[in-house]
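**Student:** Sequence:
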Amino acid sequence: MPELPEVEVTRLSFVERIENAIIQKVVMGKPLRWPLGIDPEELLLKTVITVKRRGKYLLLQLDQGVLLLHLGMSGSLRFDSEQPSKLPPLGPHDHFQLTTSKGILRLNDPRRFGAVVYANSLQDPIAKKLLDKLGVEPLQDGFTLAQFYAGLQKRRTSIKTALLAGDIVVGVGNIYASEALFEAKIHPTKLCCDVSKPRVEKLRLAIQKVLQNALAQGGSTLQNFSSAEGQTGYFQLQANVYARQGEPCRVCSTPILQITQGQRSTFYCSKCQKK
DNA sequence: AGATGTCCCTGGAAGC
DNA sequence: TGCTTCCAGGGACATC
285 MPELPEVEVT
295 RLSFVERIEN
305 AIIQKVVMGK
315 PLRWPLGIDP
325 EELLLKTVIT
335 VKRRGKYLLL
345 QLDQGVLLLH
355 LGMSGSLRFD
365 SEQPSKLPPL
375 GPHDHFQLTT
385 SKGILRLNDP
395 RRFGAVVYAN
405 SLQDPIAKKL
415 LDKLGVEPLQ
425 DGFTLAQFYA
435 GLQKRRTSIK
445 TALLAGDIVV
455 GVGNIYASEA
465 LFEAKIHPTK
475 LCCDVSKPRV
485 EKLRLAIQKV
495 LQNALAQGGS
505 TLQNFSSAEG
515 QTGYFQLQAN
525 VYARQGEPCR
535 VCSTPILQIT
545 QGQRSTFYCS
555 KCQKK
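Here the numbering used here is used: the first residue of the first sequence is 285, the next is one more, and so on.
It is worth saying that the hints were derived from the structure and are not from the lab.
Possibly wrong hints are sitting among the right ones.
Unchecked claim - Below are the DSS-like pairs computed for lysine-lysine, each with C-alpha atoms no more than 30 Å apart in a straight line:
1. K474 <-> K555
2. K558 <-> K493
3. K474 <-> K438
4. K330 <-> K314
5. K486 <-> K555
6. K330 <-> K386
7. K493 <-> K386
8. K314 <-> K370
9. K336 <-> K555
10. K558 <-> K481
11. K555 <-> K438
12. K555 <-> K469
13. K486 <-> K469
14. K336 <-> K370
15. K486 <-> K558
16. K474 <-> K493
17. K438 <-> K412
18. K309 <-> K370
19. K474 <-> K559
20. K330 <-> K438
Stated by the list, open to error - Label pairs and their in silico Cβ distance ranges:
21. P376 <-> E485: 46 to 56 Å
22. P532 <-> D451: 29 to 39 Å
23. K481 <-> S385: 25 to 35 Å
24. T441 <-> N304: 43 to 53 Å
25. L328 <-> C477: 24 to 34 Å
26. K417 <-> P373: 36 to 46 Å
27. T441 <-> Q367: 30 to 40 Å
28. K314 <-> S369: 20 to 30 Å
29. L328 <-> K559: 53 to 63 Å
30. L489 <-> Q407: 29 to 39 Å
31. P372 <-> D323: 19 to 29 Å
32. A500 <-> G375: 45 to 55 Å
33. T441 <-> P373: 45 to 55 Å
Idealized CB from N, CA, C, for every residue including glycine.
Could you put together the complete structure from these sequences and hints?
**Tutor:** This is the structure:
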């Protein structure tokens, strides 16, 4: 499932190739998460200036307006510079396609948790509603110990749940939340406001390390697709705890445990990770 | 207002 | 083998 590293690698896979492309045709498939029915006419003849990312959203900045894309949990984007005639026909899970002067952008999403939303600008209420509540970017300078600690202090929920919520720090999904907590040796059910400042710092560094590793792996994945058609797939991360319930901890051999927090699975080592 | 629960969707795995 | 059931996940929304 695409978390921040996957989304960023997807962005890198086509941002340079799509810049200055003019939108010539828009095809909509089945409705996605928010059936807002973007008006295809609205996109025609607009130019893609660049592609940015905010949290797990990709933002296609147009010469007028912005297209927000979310990959949900099963979505993938592909930008093909090939001739349209050389592309496979649209499949049942291709829900959105932009034909441009520089290639074709397709969103494939079997489970349809993804989203395509058009906003006149980032000040548009629909864009603000989706983006304004998002927390700080974990791989940028703004992710400081001071603000991270302050954010956690304001809550009374488990540290795992707080990480997932995305309003303190973005981009840490269910996999990397478990992995980062293992890395920082923090028990997932510990109340976030009770984590000491030094341990919050460990967690901050762990989040960055885990995401950077995934990003580096994704980067190499990308390079292997030398034609760079953007089909990145998902990273085969060497998980320390995620989905390893019952298997020995790679550090101490204690069997990894699985619990449920907020209807999500959490994996941890009861010996390595302390309350 | 903050915390928690529910729901959306469908492929794949597990169970019978 | 072929059916049914369950599970995974991000995040909006409802409810406590």
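**Student:** Against this structure, judge whether each hint is valid.
**Tutor:** Hints and how they fare:
no.: 1; hint: K474 <-> K555; in the structure: 14 Å, holds
no.: 2; hint: K558 <-> K493; in the structure: 20 Å, holds
no.: 3; hint: K474 <-> K438; in the structure: 14 Å, holds
no.: 4; hint: K330 <-> K314; in the structure: 23 Å, holds
no.: 5; hint: K486 <-> K555; in the structure: 17 Å, holds
no.: 6; hint: K330 <-> K386; in the structure: 13 Å, holds
no.: 7; hint: K493 <-> K386; in the structure: 36 Å, violated
no.: 8; hint: K314 <-> K370; in the structure: 23 Å, holds
no.: 9; hint: K336 <-> K555; in the structure: 41 Å, violated
no.: 10; hint: K558 <-> K481; in the structure: 15 Å, holds
no.: 11; hint: K555 <-> K438; in the structure: 28 Å, holds
no.: 12; hint: K555 <-> K469; in the structure: 9 Å, holds
no.: 13; hint: K486 <-> K469; in the structure: 9 Å, holds
no.: 14; hint: K336 <-> K370; in the structure: 28 Å, holds
no.: 15; hint: K486 <-> K558; in the structure: 13 Å, holds
no.: 16; hint: K474 <-> K493; in the structure: 21 Å, holds
no.: 17; hint: K438 <-> K412; in the structure: 23 Å, holds
no.: 18; hint: K309 <-> K370; in the structure: 17 Å, holds
no.: 19; hint: K474 <-> K559; in the structure: 5 Å, holds
no.: 20; hint: K330 <-> K438; in the structure: 43 Å, violated
no.: 21; hint: P376 <-> E485: 46 to 56 Å; in the structure: 47 Å, holds
no.: 22; hint: P532 <-> D451: 29 to 39 Å; in the structure: 35 Å, holds
no.: 23; hint: K481 <-> S385: 25 to 35 Å; in the structure: 53 Å, violated
no.: 24; hint: T441 <-> N304: 43 to 53 Å; in the structure: 45 Å, holds
no.: 25; hint: L328 <-> C477: 24 to 34 Å; in the structure: 50 Å, violated
no.: 26; hint: K417 <-> P373: 36 to 46 Å; in the structure: 39 Å, holds
no.: 27; hint: T441 <-> Q367: 30 to 40 Å; in the structure: 52 Å, violated
no.: 28; hint: K314 <-> S369: 20 to 30 Å; in the structure: 24 Å, holds
no.: 29; hint: L328 <-> K559: 53 to 63 Å; in the structure: 57 Å, holds
no.: 30; hint: L489 <-> Q407: 29 to 39 Å; in the structure: 35 Å, holds
no.: 31; hint: P372 <-> D323: 19 to 29 Å; in the structure: 27 Å, holds
no.: 32; hint: A500 <-> G375: 45 to 55 Å; in the structure: 31 Å, violated
no.: 33; hint: T441 <-> P373: 45 to 55 Å; in the structure: 47 Å, holds
Comparing the model with each numbered hint stated earlier shows that hints 7, 9, 20, 23, 25, 27, 32 do not hold.
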